[in-house]
Amino acid sequence: MTSMGSTSFEITINLIKLVLVFLMMVQAVPILVWLERRGSAFIQNRFGPNRVGPLGLLQLLADAVKFLTKEDFAPEKGNRFMFYAAPVFALIPAAIAYMAVPMSVPLKLDGHTFLIQGFEINVGIVFILGISSLAAYTILMAGWGSGSKFSLMGAMRASAQIISYELALGLSIVGVILLYGTFNLTEMVNMQQGPLTFSMFGYTVTSSYLPNWGIFYQPVGMILFFAATFAESNRLPFDLAEGEAELVAGFHTEYGGFKMLMFFIGEYGHMMIASGLMTTFFFGGYGIPGISFQEMHQIGLNLLGTETLASIFNTVVHFLSYNLKFAIFLWIFIHVRWTLPRFRYDQLMDLGWKTMLPWALANTMLTAVVIFAASYFTI
Amino acid sequence: MPSTSFLTDISINHYLILSAILFSIGMAGVLLRRNIIVLFMSIELMLNAVNISFVTFSHYFDKVDGQVMVFFVMTIAAAEAAVGLALAVSIFKRFKEVNIRFFEHLKG
Amino acid sequence: MTADVFIFWFLAILTIVSALSVVLMTNPIYSALSLAMTMVSVAAIFVTLQAYFLAGVQLIVYAGAVMVLFVMVLMLFDLKNELQAFSRGKFTGAIKVGAVGILAGLIVGAVGSFIMAGKSGAPVTPEASTSADATKALSEHLFFNHVFGFEALGVLLLVIAVGTVALSRSKGGTHAKH
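Protein chains in written order, with our numbering: chain D, 864 to 1242; chain V, 211 to 318; chain Y, 564 to 741.
Don't read these hints as lab results, they were simulated from the structure. Since the model is a prediction, treat every value here as computed from it, not as a measurement. Incorrect hints may appear among the rest.
Straight-line Cα separation of at most 20 Å, SDA-like style, residue types lysine to any residue; simulated pairs [to be verified]: (1) K306/V <-> R732/Y; (2) K1217/D <-> L720/Y; (3) K971/D <-> V1037/D; (4) K699/Y <-> T1060/D; (5) K306/V <-> L720/Y; (6) K699/Y <-> K1217/D; (7) K940/D <-> M638/Y; (8) K929/D <-> W897/D; (9) K1012/D <-> F640/Y; (10) K940/D <-> F885/D; (11) K880/D <-> T1230/D; (12) K659/Y <-> I310/V; (13) K699/Y <-> F282/V; (14) K659/Y <-> K306/V; (15) K273/V <-> L720/Y; (16) K1217/D <-> V728/Y; (17) K303/V <-> V728/Y; (18) K940/D <-> V580/Y; (19) K699/Y <-> W897/D; (20) K303/V <-> M638/Y; (21) K303/V <-> M1016/D; (22) K273/V <-> V283/V; (23) K273/V <-> F706/Y; (24) K1188/D <-> G1153/D; (25) K880/D <-> D973/D; (26) K273/V <-> V725/Y; (27) K699/Y <-> V1179/D; (28) K971/D <-> V1179/D; (29) K273/V <-> A700/Y; (30) K699/Y <-> M1054/D; (31) K1217/D <-> T727/Y; (32) K1012/D <-> L639/Y; (33) K273/V <-> R732/Y; (34) K1217/D <-> N708/Y; (35) K273/V <-> V610/Y; (36) K303/V <-> A729/Y; (37) K306/V <-> T589/Y; (38) K659/Y <-> V283/V.
Work the whole structure out from these sequences, hints included.
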């Protein structure tokens, strides 16, 4: 197992890193819930939680205590094993998939190099798609284990939706993969450095002020990917799984207390994966437009003196850059949820199969042809 | 003196025997179970066992063709599952059960 | 006992136990979930064999799509524990004994031959290639050497899609009344 490091120091740090990334993901959830509640209140012109702590920031702490002390009940008609296992499994795919998203430039300490991500995997995209596709089981287990018609209907809808949109999701990033020629997320981020450069037919056009981000090459792919991730994480406008007016609360109708919270963490985890992937594929990852990694390192060296401190500075600055982009996408997720109405079920399926899938296919074909032609012919 | 080196030296044989055991389990499932869907699942199990041997050979003999075959097997398995489930659903619509004995109505 | 050996035995036992429970569970939903477990552990076995891309595809296609379809259909049917989950009769009894015999013989023979031989064959250790190169080699083989098979599979998938839609659109399915 070379990927965990060769010396015991490296292995220790890498193990700690795994725990830290997981904690980071779980700890982002209370902040997001607070943001969502305050944000929705802001959008709907009301106050939202503002009593506990400054700006209501401690509301979630109070809620967590409430969740933990609630009565733990299971429906009599359901299947107890599935009912209790489903919330646990809700957390696992999201947590594992998030580990593969790179969050900053590698940290160099005493000749050791540490990547700022849970673990590096060369086929990062395939891994993330594969692991997060396991989320459908959670929903089915919850729906069937609850022993309630509403839960089962919600679970059926949600899983059918996830399977349908997985196609559009997968196809929408084929263009990106063709463009960069790699599955490795870190390499993709490195390729998006510098100013926007088109090299076609032997000519090279460089823009002086635009960064070399994927969105300028793959605008259609970006829109399709973003829309598909909304459907994958079961958020509005695609939250047919829990259409309150029809299905009470969908697959988690029968859940309460902490089990409910775990489904929430899973949902927010999928949002985070989607935002992280959006950042990495289309918005330069952790890179900062205008300044390369080496330049930032040099700035750190001038400010702080030693190589180690400069490396730490470099990592921290790019980590903040990543988190800024990441937070913007999370906010878009929340904003969309509170501004758009819900689709009807047949409209949802039509959108997935009849609109997004053909567009994604066309995008793939066009990208392939253009990439081939641009590299093959010279004018 | 029986040695325990088979526990610690993982070789091609280990993977092949694992594959063979999985295949036998899948075969037993096909022969013994009556539920159509469980039959399909047992077939998937056998296909997976074959996939393991393909990947093993591809790894140990350093040839990629085995992995290409796994692609083909996966595609065929997905296709088989789609048709099989469509058949099972249409059987269920009529008989409210998915036992294999209803498949004999298909003839004629 | 290195980490690789431990991982192999862990995955092997996990795979076999979950595969056995596919066949032995009387509730088909448990069978389907065990099969999903088997698929995930087979994907992990692919990782130990350095077929990273295939492991991902295994997760996406098998565990993420095919098995979810199975589970969905089973949950729609809502079958309880079946009355006649296993086949009965003299002939099938013989098959049952035979299948279990083959299985047992296989295990005993394998373990026995290992112990008798004292060593598990010549340990072949191929050069570890980086997975990016491996994925590239895989795609080159797929689209150059096996392109006809690939095209044939495309046709097959089209036929399957049409057939499935036709089956599920007709009113009575395979038993339509004329």
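These are the hints, each one checked on the structure:
1. Between K306/V and R732/Y the alpha-carbon distance is near 18 Å, which keeps this suggested pair within the 20 Å criterion.
2. Between K1217/D and L720/Y the alpha-carbon distance is near 18 Å, which keeps this suggested pair within the 20 Å criterion.
3. Simply put, K971/D and V1037/D have alpha-carbon atoms about 33 Å apart, too far for the 20 Å limit, and the pair is violated.
4. Between K699/Y and T1060/D the CA atoms are separated by roughly 25 Å; this puts the pair beyond 20 Å, and the hint is violated.
5. With a C-alpha separation of about 29 Å, the suggested pairing of K306/V with L720/Y is violated against the 20 Å cut-off.
6. For a cut-off of 20 Å, the pair hint linking K699/Y to K1217/D is broken: about 32 Å separates their Cα positions.
7. With a C-alpha separation of about 15 Å, the suggested pair K940/D and M638/Y falls inside the 20 Å cut-off, and the hint holds.
8. Taken as a hint, the K929/D and W897/D pair is honoured in the structure, with Cα atoms around 16 Å apart against an allowance of 20 Å.
9. With a C-alpha separation of about 13 Å, the suggested pair K1012/D and F640/Y falls inside the 20 Å cut-off, and the hint holds.
10. Under the criterion of a C-alpha separation no larger than 20 Å, the hint pairing K940/D with F885/D is inconsistent with the structure, at around 35 Å.
11. The hinted pair formed by K880/D and T1230/D fails the criterion: a straight-line CA distance of about 37 Å is larger than 20 Å.
12. Between the alpha carbons of K659/Y and I310/V the distance comes to roughly 17 Å, so the proposed pair stays at or under 20 Å and holds.
13. Our distance criterion of 20 Å between C-alpha atoms is met by K699/Y and F282/V, whose separation comes to about 17 Å.
14. This hinted pair does not check out: K659/Y and K306/V have alpha carbons roughly 27 Å apart, beyond 20 Å.
15. For the suggested pair K273/V and L720/Y, the alpha carbons sit about 27 Å apart, so the restraint of at most 20 Å is broken.
16. Only pairs whose Cα atoms come within 20 Å are accepted, and K1217/D paired with V728/Y is accepted, the gap being roughly 15 Å.
17. Straight-line distance between C-alpha atoms of K303/V and V728/Y comes to about 16 Å, which keeps the hinted pair within the 20 Å bound.
18. Only pairs whose Cα atoms come within 20 Å are accepted, and K940/D paired with V580/Y is rejected, the gap being roughly 29 Å.
19. Of the supplied pair hints, the one linking K699/Y and W897/D is violated, its CA atoms being roughly 45 Å apart against a limit of 20 Å.
20. Using a Cα cut-off of 20 Å, the hinted pair K303/V and M638/Y holds, with the two alpha carbons roughly 14 Å apart.
21. Pair hint K303/V plus M1016/D holds up; C-alpha atoms about 18 Å apart against a cutoff of 20 Å.
22. Proximity of K273/V to V283/V is assessed by CA-CA distance (about 17 Å); at most 20 Å being required, the pair is judged to hold.
23. At most 20 Å may separate the alpha-carbon atoms for a hinted pair to count; K273/V and F706/Y meet this at roughly 15 Å.
24. Taking the CA atoms of K1188/D and G1153/D, the gap is about 16 Å. The hint holds against a cut of 20 Å.
25. Proximity of K880/D to D973/D is assessed by CA-CA distance (about 17 Å); at most 20 Å being required, the pair is judged to hold.
26. Proposed proximity of K273/V and V725/Y is contradicted: the alpha carbons are some 35 Å apart, above 20 Å.
27. Only pairs whose Cα atoms come within 20 Å are accepted, and K699/Y paired with V1179/D is rejected, the gap being roughly 34 Å.
28. For the hint linking K971/D to V1179/D, the alpha-carbon distance of about 12 Å falls within 20 Å, and the restraint holds.
29. Proximity of K273/V to A700/Y is assessed by CA-CA distance (about 10 Å); at most 20 Å being required, the pair is judged to hold.
30. Between the alpha carbons of K699/Y and M1054/D the distance comes to roughly 19 Å, so the proposed pair stays at or under 20 Å and holds.
31. With a C-alpha separation of about 18 Å, the suggested pair K1217/D and T727/Y falls inside the 20 Å cut-off, and the hint holds.
32. The straight-line distance between the Cα atoms of K1012/D and L639/Y is roughly 11 Å, inside the 20 Å bound, and the hint therefore holds.
33. Among the hinted pairs, K273/V with R732/Y is inconsistent with the structure: their alpha-carbon atoms are about 44 Å apart, more than 20 Å.
34. A distance of roughly 34 Å separates the Cα atoms of K1217/D and N708/Y; the hinted pair therefore is violated under the 20 Å criterion.
35. As the CA atoms of K273/V and V610/Y are separated by approximately 16 Å, the hinted pair is consistent with the 20 Å bound.
36. Under the criterion of a C-alpha separation no larger than 20 Å, the hint pairing K303/V with A729/Y is consistent with the structure, at around 15 Å.
37. Taking the CA atoms of K306/V and T589/Y, the gap is near 18 Å; set against the 20 Å cutoff, the hint holds.
38. Our distance criterion of 20 Å between C-alpha atoms is broken by K659/Y and V283/V, whose separation comes to about 27 Å.
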